[in-house]
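K.L.:
Model the full structure from these sequences, guided by the hints.
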Amino acid sequence: MKVIAFERNLQGTGASRRLRNSGKTPGIVYGAGEPQLIELDHNALFHALKKEAFHSSILDLEVAGKSQQVLLRDVQYHPFRQLVLHVDFQRVDANKKIHTKVPLHFLNQETNPAVKLGGAVISHVINEVEVECLPAALPEFIEVDLAKIEAGQSLHATDIVLPAGVALVAHLAAENPVIVSAPIPAGTVSEEASAEGETPAAE
Numbered sequence: 001m002k003v004i005a006f007e008r009n010l011q012g013t014g015a016s017r018r019l020r021n022s023g024k025t026p027g028i029v030y031g032a033g034e035p036q037l038i039e040l041d042h043n044a045l046f047h048a049l050k051k052e053a054f055h056s057s058i059l060d061l062e063v064a065g066k067s068q069q070v071l072l073r074d075v076q077y078h079p080f081r082q083l084v085l086h087v088d089f090q091r092v093d094a095n096k097k098i099h100t101k102v103p104l105h106f107l108n109q110e111t112n113p114a115v116k117l118g119g120a121v122i123s124h125v126i127n128e129v130e131v132e133c134l135p136a137a138l139p140e141f142i143e144v145d146l147a148k149i150e151a152g153q154s155l156h157a158t159d160i161v162l163p164a165g166v167a168l169v170a171h172l173a174a175e176n177p178v179i180v181s182a183p184i185p186a187g188t189v190s191e192e193a194s195a196e197g198e199t200p201a202a203e
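Going by full-length UniProt numbering, the first residue of the sequence shown is number 1, and it counts up by one from there.
These are computed hints drawn from the structure, not numbers from a lab.
In silico lysine-lysine, PhoX-like type, Cα no more than 20 Å apart, as pairs:
#1 K101 with K50
#2 K24 with K50
#3 K51 with K2
#4 K50 with K2
#5 K2 with K24
#6 K148 with K116
#7 K66 with K2
#8 K101 with K51
Remember, predicted model here, so these are calculated numbers, not experimental data.
P.N.:
What follows is the structure in structure tokens.
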């Protein structure tokens, strides 16, 4: 995904306020070299931030005609206005592994037998995981298939099938938190149990 930015020469609270009043958003690019002050068109940035891929993909940032690969690292929003106050990007090296969070996409929840017949309610405990990989291997998202999770079961971080070249960060793999659970609410009677409990009507 390509992002257009411009060099920014002025900094400080007053300069940033004037920049925002002119429809621009201040930002910075850091890592692997000198920090670079930038400015971006606010509306274009605001709409880009609505896209999931903007937060979890390697971005092609063009500044003054030169492109560099970056990751979005931080966004500051106004507390009650639809206004982006500041953005941080980090340069990436194609030959060095990066650590970043990747969103999870859950599949086959509606068709899961535990939900349809067993009365289970699937709960998403965690919606993203932190991974490490080379920039070229970074996925925009990771799919989690819920077709076979059974009532009362939980799916943990290490149960996720990761793309080639992608691994959970060490502390997450060690903690192995619950990603999805499928509890049966108290008082719920599954369709299967209900069917087994039915008796034929007297003739």
